[in-house]
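Turn these sequences into a full structure, and let the hints guide you.
4 protein chains.
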Amino acid sequence: MDDITIFFPNPEVKGEIKDPVLIEGLPGIGHIGKLVAEHMIGELKALKIATIHSLYFPPQVLIEENGVVRLVHNEIFHYSSPNGSILFLVGDYQSTSNEGHYLLADAYLNLAKELGVKRIYTLGGFGVGKMIEEPRVLAAVNNVDLLEEVLASGAEFEKGVPGGGIIGAAGLLLGLGAMRGIEGICLMGETSGYIVDPKSASSLLRVLSGLLKIEVDSANLEERAIEMEQLIERLIEGEKPQSDEELRYIG
Amino acid sequence: MDDITIFFPNPEVKGEIKDPVLIEGLPGIGHIGKLVAEHMIGELKALKIATIHSLYFPPQVLIEENGVVRLVHNEIFHYSSPNGSILFLVGDYQSTSNEGHYLLADAYLNLAKELGVKRIYTLGGFGVGKMIEEPRVLAAVNNVDLLEEVLASGAEFEKGVPGGGIIGAAGLLLGLGAMRGIEGICLMGETSGYIVDPKSASSLLRVLSGLLKIEVDSANLEERAIEMEQLIERLIEGEKPQSDEELRYIG
Amino acid sequence: MDDITIFFPNPEVKGEIKDPVLIEGLPGIGHIGKLVAEHMIGELKALKIATIHSLYFPPQVLIEENGVVRLVHNEIFHYSSPNGSILFLVGDYQSTSNEGHYLLADAYLNLAKELGVKRIYTLGGFGVGKMIEEPRVLAAVNNVDLLEEVLASGAEFEKGVPGGGIIGAAGLLLGLGAMRGIEGICLMGETSGYIVDPKSASSLLRVLSGLLKIEVDSANLEERAIEMEQLIERLIEGEKPQSDEELRYIG
Amino acid sequence: MDDITIFFPNPEVKGEIKDPVLIEGLPGIGHIGKLVAEHMIGELKALKIATIHSLYFPPQVLIEENGVVRLVHNEIFHYSSPNGSILFLVGDYQSTSNEGHYLLADAYLNLAKELGVKRIYTLGGFGVGKMIEEPRVLAAVNNVDLLEEVLASGAEFEKGVPGGGIIGAAGLLLGLGAMRGIEGICLMGETSGYIVDPKSASSLLRVLSGLLKIEVDSANLEERAIEMEQLIERLIEGEKPQSDEELRYIG
Chain G
130 MDDITIFFPN PEVKGEIKDP VLIEGLPGIG HIGKLVAEHM IGELKALKIA
180 TIHSLYFPPQ VLIEENGVVR LVHNEIFHYS SPNGSILFLV GDYQSTSNEG
230 HYLLADAYLN LAKELGVKRI YTLGGFGVGK MIEEPRVLAA VNNVDLLEEV
280 LASGAEFEKG VPGGGIIGAA GLLLGLGAMR GIEGICLMGE TSGYIVDPKS
330 ASSLLRVLSG LLKIEVDSAN LEERAIEMEQ LIERLIEGEK PQSDEELRYI
380 G
Chain Y
130 MDDITIFFPN PEVKGEIKDP VLIEGLPGIG HIGKLVAEHM IGELKALKIA
180 TIHSLYFPPQ VLIEENGVVR LVHNEIFHYS SPNGSILFLV GDYQSTSNEG
230 HYLLADAYLN LAKELGVKRI YTLGGFGVGK MIEEPRVLAA VNNVDLLEEV
280 LASGAEFEKG VPGGGIIGAA GLLLGLGAMR GIEGICLMGE TSGYIVDPKS
330 ASSLLRVLSG LLKIEVDSAN LEERAIEMEQ LIERLIEGEK PQSDEELRYI
380 G
Chain U
130 MDDITIFFPN PEVKGEIKDP VLIEGLPGIG HIGKLVAEHM IGELKALKIA
180 TIHSLYFPPQ VLIEENGVVR LVHNEIFHYS SPNGSILFLV GDYQSTSNEG
230 HYLLADAYLN LAKELGVKRI YTLGGFGVGK MIEEPRVLAA VNNVDLLEEV
280 LASGAEFEKG VPGGGIIGAA GLLLGLGAMR GIEGICLMGE TSGYIVDPKS
330 ASSLLRVLSG LLKIEVDSAN LEERAIEMEQ LIERLIEGEK PQSDEELRYI
380 G
Chain H
130 MDDITIFFPN PEVKGEIKDP VLIEGLPGIG HIGKLVAEHM IGELKALKIA
180 TIHSLYFPPQ VLIEENGVVR LVHNEIFHYS SPNGSILFLV GDYQSTSNEG
230 HYLLADAYLN LAKELGVKRI YTLGGFGVGK MIEEPRVLAA VNNVDLLEEV
280 LASGAEFEKG VPGGGIIGAA GLLLGLGAMR GIEGICLMGE TSGYIVDPKS
330 ASSLLRVLSG LLKIEVDSAN LEERAIEMEQ LIERLIEGEK PQSDEELRYI
380 G
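Protein chains in written order, with the working numbering: chain G, 130 to 380; chain Y, 130 to 380; chain U, 130 to 380; chain H, 130 to 380.
Treat each hint with caution, since some may be false.
If chains are identical, the list can't say which one is meant, so a pair holds when it fits in one copy or spans any two.
With a cut-off of at most 30 Å between alpha-carbon atoms, the simulated DSSO-like pairs for lysine-lysine come out as follows [stated by the list, open to error]:
#	residue 1	residue 2
1	Lys-174	Lys-288
2	Lys-174	Lys-247
3	Lys-288	Lys-177
4	Lys-147	Lys-174
5	Lys-342	Lys-242
6	Lys-247	Lys-288
7	Lys-242	Lys-174
8	Lys-247	Lys-342
9	Lys-342	Lys-147
10	Lys-259	Lys-147
11	Lys-177	Lys-342
No lab work stands behind these hints, which were simulated from the structure alone.
Right under this line is the structure:
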């Protein structure tokens with residue numbers, strides 16, 4: 130088997146991709162990136178066009194609602210916006226090994242080159258260790274010319290933050306992307322780091338929509354953010370969560 | 130040396146394999162799969178036809194009763210039932226690395242293809258963290274068409290259970306198998322997760338025998354299950370196990 | 130992608146390298162080597178000539194002051210001294226895996242051979258578990274003929290110290306270098322092991338300057354050593370550090 | 130660089146090797162194997178004929194008494210006994226990874242085949258978790274025909290002991306060796322597992338000398354065993370060790 134397999138069940142779909150940008154929303158801190166990317170896929174009715182399997186993912190299958198298993202994977206979705214194609218990279222896991230992170234990012238960039246991607250947005254969370262009332266959206270870029278546009282979108286830069294840099298796909302797609310001439314912008318939602326955080330995701334979505342110049346209804350995310358706040362208040366007051374569904378919010 | 134070696138001391142035996150199914154019973158939670166597969170091998174007097182060595186197994190030899198060592202390995206046994214061949218994949222260990230899990234599963238599927246295997250049963254345990262009076266047998270499949278047959282056999286589906294999916298060979302043989310057109314059914318015996326569990330194994334054997342349409346005497350397993358219950362009762366009452374043999378039951 | 134990439138943006142610079150020595154100052158105990166090498170690069174205004182990326186480094190980008198990310202990397206700087214070229218090997222990280230340490234050291238020695246390096250200095254710290262008033266500089270060599278010169282420089286040998294040998298690039302460049310006929314001297318500054326230690330670095334710089342027969346102003350390092358001592362005194366007296374800048378000294 | 134390098138500085142020495150056996154005494158439980166093999170090398174004045182380096186060893190150099198570093202390594206020594214050559218495999222470390230254990234054992238067996246080795250003795254310790262007055266020597270073989278000879282030598286078999294089998298080179302050289310038709314005998318000295326154990330080593334040496342039909346003066350090992358017992362008695366009585374040399378005995 131190949132170490133990494135990117136499978137397009139219908140390869141002709143590649144021909145429909147025009148002037149694409151790529152949005153990476155793989156699992157990470159607060160699942161911010163995952164929340165935003167999956168919310169957008171749902172709202173925009175983006176179509177799945179490719180599945181990625183790799184021995185750098187955990188050796189695991191997940192069981193779908195109907196009892197049918199599927200290998201853990203990453204996926205690519207496609208949405209044709211009036212301003213060009215938007216590709217989404219989402220999935221269950223990132224690499225389990227350091228080397229695998231590099232090799233997967235490299236494979237994703239090979240594909241981005243093939244599909245003509247000029248810009249990558251990577252989405253993540255920035256853990257601050259406490260609950261945040263008004264989560265900011267921090268940004269980093271892989272090309273100094275992108276700064277002005279990103280600042281205008283409502284994202285902020287803070288010198289030396291996050292101090293540890295950006296780990297995993299959100300970082301490598303920018304770092305390795307720069308070497309191949311692909312613009313990269315990382316948006317990081319401020320979050321406690323303790324919970325799945327739809328509120329921070331909602332802030333991030335606002336910034337990203339502005340950059341993409343598209344409208345995405347964020348009602349669903351905002352509703353989840355309100356539910357989450359209510360859940361946390363009840364937890365603070367010593368009440369038990371009312372359902373398993375609620376418990377799933379806690380990271 | 131090759132990373133994985135599958136050795137048939139008598140390759141002609143491959144010619145005797147007719148319409149085979151493959152049953153995987155490698156070590157896992159509660160050793161349910163291992164108990165069932167090894168019990169069946171013993172009861173059916175299945176013959177060992179191949180040995181697998183790999184540098185993905187632990188770097189270790191075991192000492193047999195006569196003082197002779199052997200490398201840790203996996204093995205394949207063959208039984209000719211009136212309904213076709215039954216192959217068993219059993220052994221000491223699974224892979225020690227994530228990547229090795231994928232590569233071993235891939236090697237096993239290459240062999241399954243070569244031998245004409247149309248269906249794989251993988252056997253495992255499903256840990257629930259408490260002792261179970263009436264262990265259920267949960268199932269997952271790699272093809273929606275298998276659902277009806279599996280439900281009719283007495284196995285159950287529970288939406289989203291196990292939540293963590295299926296890890297290791299029991300999962301990958303289904304997930305990777307689907308891509309090669311090999312049907313896969315995973316049967317998981319409900320078990321505490323704390324002990325080697327012949328009672329759960331016995332339930333699983335009943336379901337599997339039905340699916341295979343063969344009779345397998347389960348007296349031996351049921352006897353071990355009763356011994357196990359007595360051992361646990363004594364432990365709860367504060368008595369010491371009476372022998373080393375007993376202690377070996379405790380996971 | 131290659132496992133290790135050494136990139137010279139301007140390859141002609143190789144022609145300007147004359148009779149080079151190589152100084153390795155990658156991160157390690159007390160960051161002694163890193164402090165010395167980076168101090169020398171600053172004082173001597175050495176020029177960056179190459180960047181090294183590798184999947185043996187952590188899968189991470191760092192964010193520079195202007196918000197632009199860069200992959201974690203190692204770098205090579207060049208300074209033309211009257212006695213010949215001095216090359217510096219510095220960077221963010223060493224390998225994350227054992228095998229990667231060997232492969233990176235091997236790649237660095239291939240480059241050293243190509244550039245005509247006859248001698249390598251590797252710089253490190255030697256942790257003694259307590260604060261040291263007058264930190265010594267211990268040495269080890271990869272060729273017995275180097276002993277006399279090193280002793281004359283003010284470095285010391287202590288039989289069997291450090292008992293655990295030298296781990297990582299500082300050790301491997303000497304050990305693997307000997308096999309390729311490249312002289313190697315490892316200088317280790319005595320240090321507590323608990324803090325970034327500019328005082329020990331300052332002692333090491335004195336010895337190294339002597340060996341290189343060049344003058345390097347050490348005022349900056351000595352100033353940082355005094356600040357560090359004051360910071361530690363305040364910490365001992367129970368005062369809080371006055372700034373984040375101060376906190377960064379603590380390892 | 131190659132993953133594993135076996136270097137004979139003087140390859141002609143291979144021509145002097147006649148009917149060799151190979152004795153493996155790499156580090157392990159109680160350092161029994163290492164003590165015995167290094168004692169024999171000293172007493173018999175065996176000559177070093179080869180050095181092994183590998184990226185599966187730790188990325189480390191050791192500092193010899195004269196301040197000169199050397200890569201951690203394994204070594205092969207040669208002694209011409211009247212009954213044929215005795216080769217010793219000794220060294221600083223075994224592999225740091227599971228896969229490396231297999232690949233190193235494979236490389237050693239390739240060399241054994243090339244040199245005409247018909248039998249391998251692997252030496253180890255068998256930890257029992259308490260101090261042993263009269264340490265036994267347990268054995269395991271890779272060929273049932275060796276049992277009688279081994280029992281006659283004073284070694285014992287105990288059914289199912291050690292239960293965990295034999296890990297690392299001592300096990301793999303037997304397990305993989307059997308597949309290449311090289312006889313293998315593993316001798317394991319009973320030991321607490323807490324200390325370097327020259328007493329157990331001394332018992333093992335007696336058995337091994339008998340099997341090899343050579344005389345090896347064991348006075349030195351027995352003296353160290355007495356010193357060790359005195360050291361332990363003093364420790365039990367609450368006295369401090371008198372020297373660093375003593376402390377080094379404690380595992």
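### Task
Taking the numbered hints from earlier one at a time, note which ones the structure violates and give those numbers from smallest to largest.
10
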